[in-house]
Amino acid sequence: MAPTVNVGDAVPEGTFVYVPFTPELEEHSACGIPTKLSTDAWKGKKVVLFAVPGAFTPSCHANHAPPYLAKVPELKAKGADVVAVVSANDPFVLSGWSRILGFGDKILALSDPDAKWSSALGLDVDLSGLGIGLGKRTTRYAIVLDDLKIKYLGVEPDPTQVTVSGVDAVLAAL
Amino acid sequence: MSDIKIKVGDTIPQGTFTYIPWTPELEDHSACGIPVKLSTDEWKGKKVVLVSVPGAFTPTCHANHLPPFLKKYDEFKAKGVDVIAVLAANDAFVLSGWARFLGLQDKILALSDPNAKWSAQLGLSQDLSAVDFGTRTKRYALVIDDLKVTYVGVETERVVSVSGADAVLAAL
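Heads up: the sequence lines are chains A and B, in that order. Using UniProt numbering, you'd call the opening residue of the first sequence number 1 and step up by one each time. Using UniProt numbering, you'd call the opening residue of the second sequence number 1 and step up by one each time.
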């Protein structure tokens, strides 16, 4: 787990899978249909992306994601076109988690299967050794992309903590 | 799709799942819980209903498979069931979150079978890597009495029939 990219680099192409939010999902009787999203869609855009090792895991959705949701307006005011969370969970799990967190259409919840794109950036972590059924995951990080170039990269030295990958650190960098 | 290897009368192989025991503190979603292990050895002498789904939050949808088991909890208990559990290859944190979402509380355990390892021994796993889902459990239901299988219901299509609450109740 060591980043292989720096501020100023262009990110490699990646394809995520996600379930687009629709109001019908809120009553929990529909599950949604996974669709692909390529990083190509972010050409010319300012994107704030934060990654978690897993949905529902500690440091807990209480610490990392909710502040992002609360400060989406501030992120948008600073020019962010897209705010998204990424993990290696499948898109159905991410859709369920984002509904529990109340993301609505404000924050995309993107699946990076097998942490493939994140590992291309050196941002994956192997949690199999913990013996609790977690495998290859994304580590905890935040990245700001501007026209697919990295403007900010904050990788938590301790993935159970939220410091440089938190929304306040990102806002300060925008 | 592996062939089913388990049948009525067989003793289940030993398996170890992980799960997060439900506590009221989990309900406000600020705590995540700590995964612990559960061995099938603990089911010796007990009557267990095990329901397996390919994944938390996936179609046919939590609306069709799990809720009837929760709704008919008292009927299962009246028929002598000691433990009702849902099983999936998702990790224990995801299962705990999904269980809270479904309101399972302490009525239905949500167990993680990582990589569908235990289910594979029964021939009840499926390879969904083609859609980036990895190895998952099939959709099935088992009734296990003192570690012996007394009912096996494995879905072959994307419906809930032989693995559903009514089918299991009829078999008890």
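What the hints contain is simulated information worked out from the structure, not anything from laboratory work. Positions of the beta carbon are idealized from the N, C-alpha and C atoms, including for glycine. Mixed in with the good hints, there may be bad ones.
[As the list claims (entries may be wrong)] In silico EDC-like cross-links for lysine to aspartate or glutamate, where the CA-CA straight-line distance does not exceed 20 Å:
| no. | chain 1 | residue 1 | chain 2 | residue 2 |
| --- | --- | --- | --- | --- |
| 1 | A | K43 | A | D168 |
| 2 | A | K136 | B | D82 |
| 3 | B | K37 | B | E75 |
| 4 | B | K79 | B | D106 |
| 5 | A | K116 | B | D132 |
| 6 | B | K117 | A | D114 |
| 7 | B | K7 | B | D132 |
| 8 | A | K116 | B | D127 |
| 9 | A | K116 | A | E24 |
| 10 | A | K46 | A | D168 |
| 11 | B | K77 | B | E155 |
| 12 | A | K76 | A | D105 |
| 13 | A | K136 | A | D105 |
| 14 | B | K107 | B | D145 |
| 15 | A | K45 | A | D147 |
| 16 | A | K71 | A | D158 |
| 17 | A | K46 | A | E13 |
| 18 | B | K72 | B | D106 |
| 19 | A | K136 | B | E155 |
| 20 | A | K36 | B | D132 |
| 21 | B | K117 | A | D126 |
[Claimed, not checked] Computed spacing ranges between beta-carbons, pair by pair:
| no. | chain 1 | residue 1 | chain 2 | residue 2 | range |
| --- | --- | --- | --- | --- | --- |
| 22 | B | G134 | A | A41 | 21 to 27 Å |
| 23 | B | P21 | A | E26 | 25 to 31 Å |
| 24 | B | T156 | A | S38 | 50 to 56 Å |
| 25 | B | K5 | A | G131 | 41 to 47 Å |
| 26 | A | E26 | B | G134 | 26 to 32 Å |
| 27 | B | E27 | A | E26 | 17 to 23 Å |
| 28 | B | D28 | A | L130 | 23 to 29 Å |
| 29 | B | A78 | A | D105 | 31 to 37 Å |
| 30 | B | K44 | A | D81 | 54 to 60 Å |
| 31 | B | I34 | A | V7 | 56 to 62 Å |
| 32 | A | E74 | B | D166 | 48 to 54 Å |
| 33 | A | P23 | B | K5 | 42 to 48 Å |
| 34 | A | T4 | B | T156 | 42 to 48 Å |
| 35 | A | G8 | B | V83 | 32 to 38 Å |
Hints versus structure:
1. A:K43 to A:D168: 25 Å, violated
2. A:K136 to B:D82: Not satisfied, since the Cα-Cα distance of roughly 36 Å exceeds 20 Å.
3. B:K37 to B:E75: Status violated; Cα separation ~28 Å.
4. B:K79 to B:D106: Given that 20 Å is the threshold and the Cα spacing comes to 18 Å, the pair holds.
5. A:K116 to B:D132: Distance of about 11 Å is within 20 Å: holds.
6. B:K117 to A:D114: With Cα atoms ~18 Å apart, K117 (chain B) and D114 (chain A) stay inside 20 Å; holds.
7. B:K7 to B:D132: 30 Å, violated
8. A:K116 to B:D127: 19 Å, holds
9. A:K116 to A:E24: 30 Å, violated
10. A:K46 to A:D168: At roughly 17 Å apart (the allowed maximum being 20 Å), D168 (chain A) and K46 (chain A) satisfy the hint.
11. B:K77 to B:E155: With a Cα-Cα distance of about 24 Å, the restraint between K77 (chain B) and E155 (chain B) is violated, given a limit of 20 Å.
12. A:K76 to A:D105: At roughly 13 Å apart (the allowed maximum being 20 Å), D105 (chain A) and K76 (chain A) satisfy the hint.
13. A:K136 to A:D105: 28 Å, violated
14. B:K107 to B:D145: Distance of about 19 Å is within 20 Å: holds.
15. A:K45 to A:D147: 5 Å, holds
16. A:K71 to A:D158: 23 Å, violated
17. A:K46 to A:E13: At roughly 16 Å apart (the allowed maximum being 20 Å), E13 (chain A) and K46 (chain A) satisfy the hint.
18. B:K72 to B:D106: 14 Å, holds
19. A:K136 to B:E155: 30 Å, violated
20. A:K36 to B:D132: With Cα atoms ~12 Å apart, K36 (chain A) and D132 (chain B) stay inside 20 Å; holds.
21. B:K117 to A:D126: Holds. K117 (chain B) to D126 (chain A) sits at ~19 Å (cutoff 20 Å).
22. B:G134 to A:A41: 21 to 27 Å: Holds - the Cβ-Cβ distance for G134 (chain B) and A41 (chain A), about 26 Å, lies within 21 to 27 Å.
23. B:P21 to A:E26: 25 to 31 Å: At roughly 29 Å between Cβ atoms, E26 (chain A) and P21 (chain B) fall inside 25 to 31 Å, so the hint holds.
24. B:T156 to A:S38: 50 to 56 Å: 35 Å, violated
25. B:K5 to A:G131: 41 to 47 Å: 26 Å, violated
26. A:E26 to B:G134: 26 to 32 Å: Given a distance of about 28 Å, which is inside 26 to 32 Å, the answer is holds.
27. B:E27 to A:E26: 17 to 23 Å: 19 Å, holds
28. B:D28 to A:L130: 23 to 29 Å: 25 Å, holds
29. B:A78 to A:D105: 31 to 37 Å: 45 Å, violated
30. B:K44 to A:D81: 54 to 60 Å: Roughly 58 Å apart at Cβ, these two residues keep to the hinted range, so it holds.
31. B:I34 to A:V7: 56 to 62 Å: Taking Cβ atoms as reference, I34 (chain B) and V7 (chain A) lie about 37 Å apart, which means the hint is violated.
32. A:E74 to B:D166: 48 to 54 Å: 51 Å, holds
33. A:P23 to B:K5: 42 to 48 Å: At roughly 44 Å between Cβ atoms, K5 (chain B) and P23 (chain A) fall inside 42 to 48 Å, so the hint holds.
34. A:T4 to B:T156: 42 to 48 Å: 45 Å, holds
35. A:G8 to B:V83: 32 to 38 Å: Violated, since G8 (chain A) and V83 (chain B) (Cβ atoms, about 56 Å apart) do not stay within the stated range.
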